[in-house]
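Student: So the protein sequences, as listed, match chains A and B.
First residue of the first sequence? That's 1 in our numbering, and the numbers climb one at a time after it.
First residue of the second sequence? That's 1 in our numbering, and the numbers climb one at a time after it.
None of these hints come from the bench; they were simulated from the model.
This one's a predicted model, so the numbers in the text were calculated from it and none came from an experiment.
Some clues are possibly wrong.
Unchecked claim - Below, in silico cross-link-like pairs of lysine-lysine (BS3-like), each with a Cα-Cα straight-line distance of 30 angstroms or less:
| id | chain 1 | residue 1 | chain 2 | residue 2 |
| --- | --- | --- | --- | --- |
| 1 | A | Lys190 | A | Lys206 |
| 2 | A | Lys284 | B | Lys28 |
| 3 | A | Lys209 | A | Lys79 |
| 4 | B | Lys159 | A | Lys209 |
| 5 | B | Lys175 | A | Lys209 |
| 6 | B | Lys175 | A | Lys206 |
| 7 | B | Lys275 | A | Lys206 |
Claimed, not checked - Partial list, derived from the structure: chain A residues whose beta carbon lies under 7 angstroms from chain B:
| id | residue |
| --- | --- |
| 8 | Gly34 |
| 9 | Pro120 |
| 10 | Ala124 |
| 11 | Ala195 |
From the three backbone atoms N, C-alpha and C, an ideal C-beta is built for every residue, glycine too.
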Amino acid sequence: MSTLVEFPTMGAEQLSSLRRTIDGSFRTFSREYGETLERLFDPLREFLIFSERLLTQSPWPVVIGVIALIAWLASRSLKITVGTVLTLLAIGYFGMWIDTMKTVSMIFVCTVVALAVGLPIGIAMSRWDKLQRAINPALDVMQTMPSFVYLIPVVMLLGIGRVAGMIAVVVYAIPPVIRFTNLGIRLVSKDLLEAADAFGASVWQKMFKVQLPLALPTIMAGINQTIMLSLAMVVIASMIGVQGLGQPVLKAIANQYFTMGMFNGLAIVGIAIIFDRVSQTYGKRLQKHLEVVHG
Amino acid sequence: MVDEPNTTQATVASPDSVPSNAVNISIKHLYKIFGPNPAQHLVAVQQGMSKQELRDVHGHVLGLRDINIDMPAGGIQVVMGLSGSGKSTLIRHINRLIEPTAGELWAGEQNVLAMSPRELRHFRRERTAMVFQNFALFPHLTVQENTEYGLQVQHVKHKKRQEAAARWIERVGLKGYEDSYPNQLSGGMQQRVGLARALSNDAPILLMDEAFSALDPMIRSDMQSVLLDIQQELGKTIVFITHDLEEALRLGDRIAILRDGEVVQQGTGQQIVLKPADDYISSFIKDVNRGRVIRCRTLMTPGVTVDGPSVDASLVLEEVARVLSAEGKDAANVTNSRGKQLGSVTMNDLIAAMVPPKSESTDQTEQ
């Protein structure tokens, strides 16, 4: 009877030895190759530091001006541009300018990396069904695995800091870019591909002149999701030493500083809304040709 | 497959003025079986296994069976059939959007089925252009950019392709719409873009897959005129797919009728209307306006000269009847295009030919 009530386990002895073996070999691996890996990521570290310096050390009016210009070019909406400027001014006035800029630079780099890695994977997935079948479960794992769990190996390999944080954020935030790129390309009508074929387009000509442009609105939706997810990771990433708005939130949690937590949280919400509205209106503008004007 | 160039090609019947670069298309013993393992069933099909048996017993679908068509260079070959007859499958074999199970396909001296992927791409770019039933315009490109597409694929210089596109946009009557997107245009206008896109390619072969079927009757007849007009100038080899007999008779220099993946009859429109090969085709042509299809050359009594107006041998009966009734005469002299006397037709001949044969008219009254 007891075997039915109590689940038959592999035994405490074996279990702990299994853990020891895996942990041990991973530790050896990270001791052996950790430094090499770290060096491999050096360009990324440089990129992170560069963009952070650019945003924190430039005069704030210039930074706001440039961000407002980008918001205007992407959305062509006065409302969104003014909203962006006001939000940034408020954030600065409440003393969170430096932290916010650190977070924005982090998000920027993470999004660039996610795109650089995710777009080719998404394109490859759309071309080969087998690859799609292999990658989809991996993406599921990346999105459902509690983020704290994969912080552990990253920290073991690369130590605490920006690069480890960035990798954790990218792992968490990259699935939408991959999925939406794949989906967007697959949704392109077979008729149009046939037409391109009939005119003798090569595989690359089809990809860059037909499939990617038509998938772009869908891909933009994926990028929007990726930005939102990386913002959501900011607080968690701050636990492994990523600077920015996450740090004060963490401090506020530990010390029960309600107002401090609230302000920094609202700043995250503020830049999330800016990113979201700007990228969404840009996505919508890309679809302008789909508007049916003729009845 | 025989690799040597086909020497019988040059002798295929050609219309009055064939441009030197026109290309004839020759399809020989073409078979297409759809399914997981077509090659396995090919021999059985070639020996006469029925479409039914192939589908029910072996789970394969017979697309085309033993197609043999010689399409004249510089002429309009219509392939007609109802849906499911295999006509769209057939046209897609010409530029190999669909690979045949067996057979030969020649475009002039070129063996299309022997082409490597690279050669095929060049064949599609330079020798063929296609117009689609559902237009298949690129929604993210403007009319101008859509029209330039084929040239862009060929890496033609920007300025040159802009000029070519502008010329064809104007020719199909869309000047002023260059910067519109396809979704902003009506169906008829969209297909004009489709036509301009295909013509910009300046390819000797033009494939039109039910190009006008999605348009309403007035616009369709309009587009037919545009096509005939352009064809007079260009003399391309046009393969035109349709399910509409009136359209087939109006456009086709030659017509092939397809049923269940087989050619049931081919010839000129007149031949088909006057001598339908079987009941299936008879039932098709029952309602055709013969006066607009049959030309007076077919009816005339050779040699005899009568007191009456002269009419060109290529005029259709209806037009001859109109001339006769306008002049109040009972008979007309038939002349060739250079005005030489060939023979004559009487009003009685015309009326008798315009009325459908007796057996068919009794059919109609029984219904």
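Student: Next step is simple, just say for each hint if it's right about the structure.
Tutor: Hint by hint, here is what the structure shows:
no.	hint	result
1	A/Lys190 / A/Lys206	holds (12 angstroms)
2	A/Lys284 / B/Lys28	violated (51 angstroms)
3	A/Lys209 / A/Lys79	violated (33 angstroms)
4	B/Lys159 / A/Lys209	holds (19 angstroms)
5	B/Lys175 / A/Lys209	holds (25 angstroms)
6	B/Lys175 / A/Lys206	holds (28 angstroms)
7	B/Lys275 / A/Lys206	violated (47 angstroms)
8	Gly34	violated (47 angstroms)
9	Pro120	violated (22 angstroms)
10	Ala124	violated (20 angstroms)
11	Ala195	holds (4 angstroms)
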